[in-house]
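As given, the protein sequences belong to chains S and L, one line each in that order. Residues in the first sequence are numbered consecutively from 1, following our numbering. Residues in the second sequence are numbered consecutively from 1, following our numbering.
Accuracy of the hints is not assured; some may be wrong.
Ranges of calculated distance between the beta carbons of each label pair, as one might list FRET restraints [unchecked claim]:
#1 R57/S - D136/L: 22 to 32 Å
#2 A66/L - Q183/S: 42 to 52 Å
#3 R18/L - Q183/S: 34 to 44 Å
#4 V168/S - K16/L: 36 to 46 Å
#5 K16/L - R139/S: 51 to 61 Å
#6 G12/S - R226/L: 36 to 46 Å
#7 R226/L - K2/S: 35 to 45 Å
#8 Q13/S - L170/L: 30 to 40 Å
#9 A236/L - P155/S: 25 to 35 Å
#10 I230/L - G176/S: 58 to 68 Å
#11 G176/S - K16/L: 31 to 41 Å
#12 Q13/S - E182/L: 36 to 46 Å
#13 I230/L - G12/S: 43 to 53 Å
#14 D235/S - D136/L: 45 to 55 Å
FYI, nobody ran anything at the bench for these hints, they're computed from the structure. Even glycine gets a Cβ: it sits at the ideal position worked out from N, Cα and C.
Read off the chains here:
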Amino acid sequence: MKSLIIAEQTGGQLSPMTGNLVAAASKIGGEIDLLLVGASGVAAAAESARAFPGVTRVLTSESAEYAGFTAENIAPLVVRLAGNGYTHVLAIASAAGKNLLPRVAALLDVGMVSEIVEVVDVDTFVRPIYAGSLLAKVRCAERVRVLSVRATAFPAVAAGDSAAPIEVVAPSGERGKSKVIGQQLAQSTRPELTAARIIVSGGRGLGSAENFAGTIEPLADTLNAAVGASRAAVDSGYVSNELQVGQTGKIVAPELYVAVGISGAIQHLAGMKDSKVIVAINKDEEAPIFQIADYGLVGDLFQLVPELSRAIASA
Amino acid sequence: MKVLVPVKRVADYNIKVRPKSDGSGVELANVKMSMNPFDEIAVEEAVRLKEAGVATEVVAVSCGSAACQETLRTALAMGADRAILVETDVELQSLAVAKLVKVVAEKEGAQLVICGKQAIDDDANQTAQMLAALLDWGQATYASKVVVADGNVEVTREVDGGLETVRLALPAVVSADLRLNEPRYATLPNIMKAKKKPLDTLKAAEFGVDVSPRVQTLSVYTPPERKGGIKVGSVAELVQKLKDEARVL
Ligand SMILES: Cc1cc2nc3c(=O)[nH]c(=O)nc-3n(C[C@H](O)[C@H](O)[C@H](O)COP(=O)(O)OP(=O)(O)OC[C@H]3O[C@@H](n4cnc5c(N)ncnc54)[C@H](O)[C@@H]3O)c2cc1C
Ligand SMILES: Cc1cc2nc3c(=O)[nH]c(=O)nc-3n(C[C@H](O)[C@H](O)[C@H](O)COP(=O)(O)OP(=O)(O)OC[C@H]3O[C@@H](n4cnc5c(N)ncnc54)[C@H](O)[C@@H]3O)c2cc1C
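Build the full structure now, drawing on both the sequences and the hints.
So this is what it looks like as structure tokens:
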């Protein structure tokens, strides 16, 4: 077995989910080559990547055409590398990974398995379907198995003191199909949603952007938590899209998830039901969120959440 | 500019699906089927492009059994001009759908294909990207805004860190995210009109492409249920439980 894993980096910072990606590849066994591409920062990220136990080699390709991580330019490189005897190609099921891998699979003329949550054996994987309400065990015996990995299902391998060799690979050129012309990335001093130990999430029950900021943020501050949201809260403009948790947003599994004014639609649960401890605050005691919450508190969030912030701050 | 919209017939998003009793797949007998919600958004976007005078024709295509005609009629009622059913009883996977839609896109001379970002049944999130790869076109997935101008399409994408805008040369493939628009409801008069719009059926078997499944489903099962916990009576009790019982504070 020989896996090619595609890690992400920005400005030389390796994605925090790289340890989860290495963990998934380690379950497959055999050699693991980690690929890093980008327009800059690749060498710095490679220094962090080589330290992961289990990584055989770090392959790097730094070139202008990889700015913006466009699938059109990266897929041909991955396809070329895949010819070197790789049996598996993996990436995290992040927005970038989900955008890239199907393009790779189609160019290789192989079927792909999305969002694996378990490696049963080298050909057999488990993945959620129907917003996580069912699991499917699937077998993919293609010559190259292309897999996206749900990070929360594979506890991260910690970087150690290994120093895998770094090899530079030639870039594959500008394809001229697409260009990133603008970015509006959220600036936040909070922990990243998918890596946070605690998440405080707000829903439609908050009623407005002002209420969201005035109620959810102080509790998140007290807990040093990341902030999340339901689709309804994002659609209503209380917070921006990158905070959405759920089937079509981020998949999270923190130690503590506090759902405030969220009813618990299946599409929301799909993104957070693997959290270790779930707390729900909702005025409707019949709200479905209570069916999965470890601790439910029934009442008006505008009263309970500030009270909770104060109680934790003084505890 | 001709716009092609691939639409998939899926179990309605309100339905709680179950595994078949032998665990071989998903029980879909007598389940209400609807158009994939992301595809409604894709159809809406295409129709708006036509209403804005940017698109000349909107063609909906669905691959699957004869029952997909119902989904195509919905697309027609929303404002698509024509529909094409690529008929097969083989259970199609993303790569197969991409291969079939590629043939249609080329035959139709489509300049823009708008897919849904994922189908809510299989949640694969693959078809648009695969189609773009096979056509050797640019791809803009997870679109929350689409602007066509001067032979290009500029797409605002929802990415992990926020939003990103990409410019693609046409022809191109776009996949629709939830916030691209709010799809209209098909009105009764439009549903009546849709019955008279052209719906052609092509046989997938005559496309000369390999649609055999590449990934085999061994079993489908329900994940372990998370058991519900308790209701606490006060904030103080909650904090105490979180500290002493759950030990997360
Ligand atoms: C294809 C598709 C994909 C989707 N993807 C996602 C997704 O990724 N993520 C997601 O979250 N949703 C998603 N949804 C939407 C989902 O179905 C729900 O509509 C959404 O999660 C509802 O958000 P909510 O719980 O905030 O709002 P509501 O369901 O409106 O719930 C609001 C809750 O707040 C409570 N409340 C109101 N006021 C107070 C108060 N003062 N004090 C205490 N409680 C109060 C109410 O009792 C209610 O339970 C998707 C839907 C579709 C069709
Ligand atoms: C439990 C389960 C088991 C399955 N087992 C098998 C199996 O053993 N063998 C098998 O062959 N298939 C099987 N399937 C079906 C198959 O996996 C999916 O239908 C296939 O992957 C299609 O892609 P998707 O729906 O995931 O598309 P996605 O990539 O998620 O869809 C994205 C977009 O592509 C377009 N699109 C997708 N499908 C169509 C279509 N048919 N027509 C038009 N446009 C479309 C739409 O615009 C859609 O929004 C199974 C499905 C499930 C849920």
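Taking the Cβ atom of A236/L and the Cβ atom of P155/S, is their distance within the range 25 to 35 Å? 33 Å, holds
Q13/S versus E182/L beta-carbon gap, inside 36 to 46 Å or not: 37 Å, holds
Mind checking the hinted window 36 to 46 Å against the Cβ distance between V168/S and K16/L? The hinted range 36 to 46 Å is violated for V168/S and K16/L, with Cβ atoms some 51 Å apart.
Take a look at whether the Cβ-Cβ distance between Q13/S and L170/L falls inside 30 to 40 Å. 35 Å, holds
CB-CB spacing for Q183/S and R18/L relative to the 34 to 44 Å hint: 43 Å, holds
Is the hinted range of 31 to 41 Å satisfied by the C-beta distance from G176/S to K16/L? For G176/S and K16/L the Cβ distance comes to about 47 Å; the hint is violated.
With 45 to 55 Å as the target window, see if D235/S and D136/L comply at their CB atoms. Given a distance of about 35 Å, which is not inside 45 to 55 Å, the answer is violated.
Taking 36 to 46 Å as the stated bounds, is the beta-carbon spacing between G12/S and R226/L within them? 39 Å, holds
CB of I230/L to CB of G176/S, is that within 58 to 68 Å? 59 Å, holds
Starting from the range 43 to 53 Å, see whether the pair I230/L and G12/S falls in it by beta-carbon distance. For I230/L and G12/S the Cβ distance comes to about 47 Å; the hint holds.
When you take the CB atoms of R226/L and K2/S, is the distance between them in 35 to 45 Å? 37 Å, holds
Taking the Cβ atom of A66/L and the Cβ atom of Q183/S, is their distance within the range 42 to 52 Å? Holds, at about 45 Å.
The earlier numbered hints that this structure contradicts are 4, 5, 11, 14.
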